[in-house]
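Student: Here the numbering used here is used: the first residue of the sequence shown is 8, the next is one more, and so on.
You can trust all of the hints, since none of them are fake.
Calculated lysine-lysine pairs in the DSS-like style (CA-CA distance at most 27 Å, straight line):
{"hint": "1", "residue 1": "Lys103", "residue 2": "Lys92"}
{"hint": "2", "residue 1": "Lys189", "residue 2": "Lys210"}
{"hint": "3", "residue 1": "Lys37", "residue 2": "Lys330"}
{"hint": "4", "residue 1": "Lys189", "residue 2": "Lys224"}
{"hint": "5", "residue 1": "Lys323", "residue 2": "Lys31"}
{"hint": "6", "residue 1": "Lys64", "residue 2": "Lys37"}
{"hint": "7", "residue 1": "Lys64", "residue 2": "Lys294"}
{"hint": "8", "residue 1": "Lys64", "residue 2": "Lys330"}
{"hint": "9", "residue 1": "Lys294", "residue 2": "Lys323"}
{"hint": "10", "residue 1": "Lys323", "residue 2": "Lys37"}
{"hint": "11", "residue 1": "Lys323", "residue 2": "Lys64"}
{"hint": "12", "residue 1": "Lys224", "residue 2": "Lys210"}
{"hint": "13", "residue 1": "Lys31", "residue 2": "Lys92"}
{"hint": "14", "residue 1": "Lys330", "residue 2": "Lys294"}
{"hint": "15", "residue 1": "Lys64", "residue 2": "Lys31"}
{"hint": "16", "residue 1": "Lys64", "residue 2": "Lys92"}
{"hint": "17", "residue 1": "Lys166", "residue 2": "Lys224"}
{"hint": "18", "residue 1": "Lys166", "residue 2": "Lys210"}
{"hint": "19", "residue 1": "Lys166", "residue 2": "Lys189"}
Don't read these hints as lab results, they were simulated from the structure.
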Amino acid sequence: MILAPRQPRLADETEAEAQEETMKMLGVYKDFAEVELAMPVLEGEKTESERFAGAEKTYSIEALMGDGRALQAGTSHNLGQNFAKVFDITFQGRDKTVQYGWQTSWGVSTRLIGGVIMTHGDDSGLILPPRIAPYQVVIVPIPRGDWRETVLPHAERIKTELERVGVRVMLDDREEHSPGWKYSEWEMRGVPLRLEIGPRDIKSEQVMLVRRDTREKAPTPMAGLAGQVDELLTIIQQALLDRATAFRDEHTLRTTDRAEFDSSLEGRPGYVVAPWCGSAECEAQVKTATQATIRNIPLDPPAASGNCIQCGQPGKVDAYFAKSY
8 MILAPRQPRL ADETEAEAQE ETMKMLGVYK DFAEVELAMP VLEGEKTESE
58 RFAGAEKTYS IEALMGDGRA LQAGTSHNLG QNFAKVFDIT FQGRDKTVQY
108 GWQTSWGVST RLIGGVIMTH GDDSGLILPP RIAPYQVVIV PIPRGDWRET
158 VLPHAERIKT ELERVGVRVM LDDREEHSPG WKYSEWEMRG VPLRLEIGPR
208 DIKSEQVMLV RRDTREKAPT PMAGLAGQVD ELLTIIQQAL LDRATAFRDE
258 HTLRTTDRAE FDSSLEGRPG YVVAPWCGSA ECEAQVKTAT QATIRNIPLD
308 PPAASGNCIQ CGQPGKVDAY FAKSY
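All chains, full assembly: derive it from the sequences and hints.
Tutor: This is the structure:
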């Protein structure tokens, strides 16, 4: 995965095309986060106070980290004609008149790398989703006896078979480190699947597969191994997304009660979904009192579930509040 801090800009002919482009890129970022990074995100619109300066509308994808804080994982902005007028960005329209372009801007950054680490990692190190892992499988031969003549050829053959089906493989045949040392190193580096092979495994025509995400071990026949590994990597990818989604859902509280709202933000990490009247003043007062911000407003939100959590006036929408990075 290569991520450069970039924020492309595009000029469209019409306001409608600019809005369509804005939403398209929001969807691209959502799909990338969930499909590639196994990081579930919330799509929504930023409030006016959180909007990109000069934009007509700002949309974001928000992820919940393992410590319960939110991370703005990507943004997409409809800039209208504001910047076009400032910088005199014009084009000749279909009617031959000179018109200002309707601009959009969107971007993700290297913060997504931190997001992956904090979404999936544990006390032993990284846990990388298979789709982005530099190495999806590490093969660790067990060095017993004349293992370079007996075990290593089998390990090399397995590596070749896995690579033929598109699996990215590291064969760790270093002699200066014990198998246990290698296990710890590759766990720390987040390789999704470890394959152990020793003399006894060769006799029984099987290998030991160890998942990084669950630490589960499974003796697996060598026959058809490549297909089984490929399938298991798909299972791991989905399991990481499911686990992160379950964590987010378990750490999302919906409330209309201010006391519960405050106590949750203070002692229970995660999202608190509560009604908001749309006032920037109420938004600022909540932030001052709790250090939480409105992360975004869901797309096509239903009617508010009650009165504004701050002022008690009728709510306009239910907003996602959280402490964040």
